[in-house]
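Below are the chains, spelled out letter by letter.
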Amino acid sequence: MKDFALGRYIPVESPLHRLDPRVKIFATLALVVCLFLPFERSVLHEGKDVTVTAWTISAIMLGIFLVLALLFFAIARINPLKLWSSMKSLWFTILILMILYILLPNFTVPTLGIAFRVEQMNWTVYWDSFASAGRVIGRLTIVMMFTFLLTATTKPLDLTYALQWYLTPLKIIYAPIAEIFAMTISIALRFIPTLLEDVDRISKAQASRGASYSNGGIRRKIVGLTSLIIPLFVSAFTRSEELAYAMICRGYDPKGKRTRYHKYRFHFGDLFFFLFASAVLALFIVLIVTHFDFIESWFKVSLP
Amino acid sequence: MSSAIRVENLELAYQSEKLALKGISFSIEKGTYVCILGHNGSGKSTLAKILVGLLSDYKGEIYILDELVSRKNINSLRSKIGIVFQNPDNQFVGSTVADDIAFGLENKAVPQKEMQPIIDRFVKSVRMEDYLDREPSSLSGGQKQRVALAGVLAMSPEILILDEATAMLDPKGKAEVDSLISNIRKEKPELTILSITHDLEEAAKADEVLVLNDGKLLLQGTPKSVFSYMDELKKASLDVPFIYKLIACLKEKGLEIPEDIDTIEKLGEYLCQ
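Top to bottom, those sequences are chains A and B. Per this note's numbering, residue 1 is the first one in the first sequence, and the count goes up by one each step. Per this note's numbering, residue 1001 is the first one in the second sequence, and the count goes up by one each step.
The set of hints was computed from the structure by calculation and includes no laboratory data. Heads up, the beta-carbon is just placed ideally off N, CA and C, and yes, glycines get one too. It is possible that part of the hints are untrue.
Sample of chain A residues at the chain B side, in silico, Cβ under 7 angstroms [as the list claims (entries may be wrong)]:
#1 I192
#2 P193
#3 F237
#4 R239
#5 Y245
#6 A246
#7 R250
#8 K257
#9 Y261
Just chain A, with the same shape it has in the complex (with noise of 0.2 angstroms):
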């Protein structure tokens, strides 16, 4: 459990340590949403107009994607491989999705072929959906990636203090809002490993007891989950007692007046990077609304 890497900052030096963190949140959002579009053409089925996914295009933005999403990991040098035991706990999720998608296939018409027939049974399953599947599998993993470089390379206290200056406009409606929102995350942030240090004790400390989470049927599974989670509740209240008692002690006031350690500068790799994030937007938003005609009359290529 302690070396679960999501939500983790981790400090090195580097130009994406670097980076303001409102650009950093900025540039997360706008490739995620970029990653999200669905790219899609017209076909002609029976002698309608019908819009399918375009596989091959999609493909081939998957790759850029995973392949930024790697450079980035070099520029804030850490190891990607960091992510795969998190990653490791999302077979399962994975496999329900592939079963999910073959028993339910989401596709208008299919245009990759034929997978398998089960003749017995008068069912089909087309690529289209190992395709369909394969595809929410691939944006998962590069949001995670994402997402993780995103924590991995902000300080939780920067994150929120960027995540308080985009809710600043909520002051109108009612004053601390940001002030205190911010600080919850950060506090939350801050005590993920502290909690998960405490998973990893309690559930040697039961291990010991006799309990167990991996054997016996789901009842028993369930059983031995709340004896690791009842503790837990437990420690993480009094923590968080003791925790408010230590804030107060040292003068928080939510409402009080407060000045902040850290200031942003707004450098010329933040804007660098606030255009490019800005750029890729505009040009993926460009291509879904001309359905790539752009780049088929510019390379003289018929697309897929």
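Use these hints to put chain B onto chain A, whose structure you have.
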């Protein structure tokens, strides 16, 4: 002499009928180092919580820096008291060492430009200057407590309360924090330190010792006078530092030990004469 903390007839009951504190009165002079001893459930941590204004439904009077504590002035008085709690993890608010020290300064609305010099000064005073950008999970308990100490000292308090600040540390971490505190005593003699502790050896070095038992003040005085009441301390489930036990044993055997001997070194020197 003006007192840093004066408590009169302090009583406190938690929700249950049982009183946690049963009428405590004492006074602590400015610039002294006072230890409060007591075993679990004696009310010593409750006392600390009342002194920093975390529990307010008590009976009796508390004067901090000669000012009667009330609901109105507790916030301004609190800024003059710093407290370090027992659990190193549960008082680390910031995500890095620098952020944690800055937390108190931010609350005090210290201008941003003045923060870095203050942080640098105090992080140096707790010898954590190489760890400014480290996150709490990569620090040892002793290091976290030193950061907590720096965070509290950066607020320039007049009273420092240590609520079993070394109880959860390993021997090395404890030794580091202890040596730091004796440094602080030397560098800031005007700072009043109130240390709530189990540690008898620490209490032996204090200017004054208060012993709490079952919500009552059992003994108060210099370490030497307090530790001469061995039977009373035993009833309060407390021991006596080794040196005082040794002196008592030697006296029982008929040896004459001068009154001013209170460390092993001095005793050794005297016996070798």
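Do the hints match the structure? See the list:
1. I192: Where the cut-off is 7 angstroms and the nearest Cβ of chain B is about 9 angstroms from A:I192, the hint is violated.
2. P193: holds, 4 angstroms
3. F237: violated, 11 angstroms
4. R239: holds, 5 angstroms
5. Y245: Where the cut-off is 7 angstroms and the nearest Cβ of chain B is about 5 angstroms from A:Y245, the hint holds.
6. A246: holds, 4 angstroms
7. R250: holds, 4 angstroms
8. K257: holds, 5 angstroms
9. Y261: At 4 angstroms from the nearest chain B Cβ, A:Y261 passes the 7 angstroms test, so the hint holds.
Taken one by one, the earlier hints fail for this structure at numbers 1, 3, listed in ascending order.
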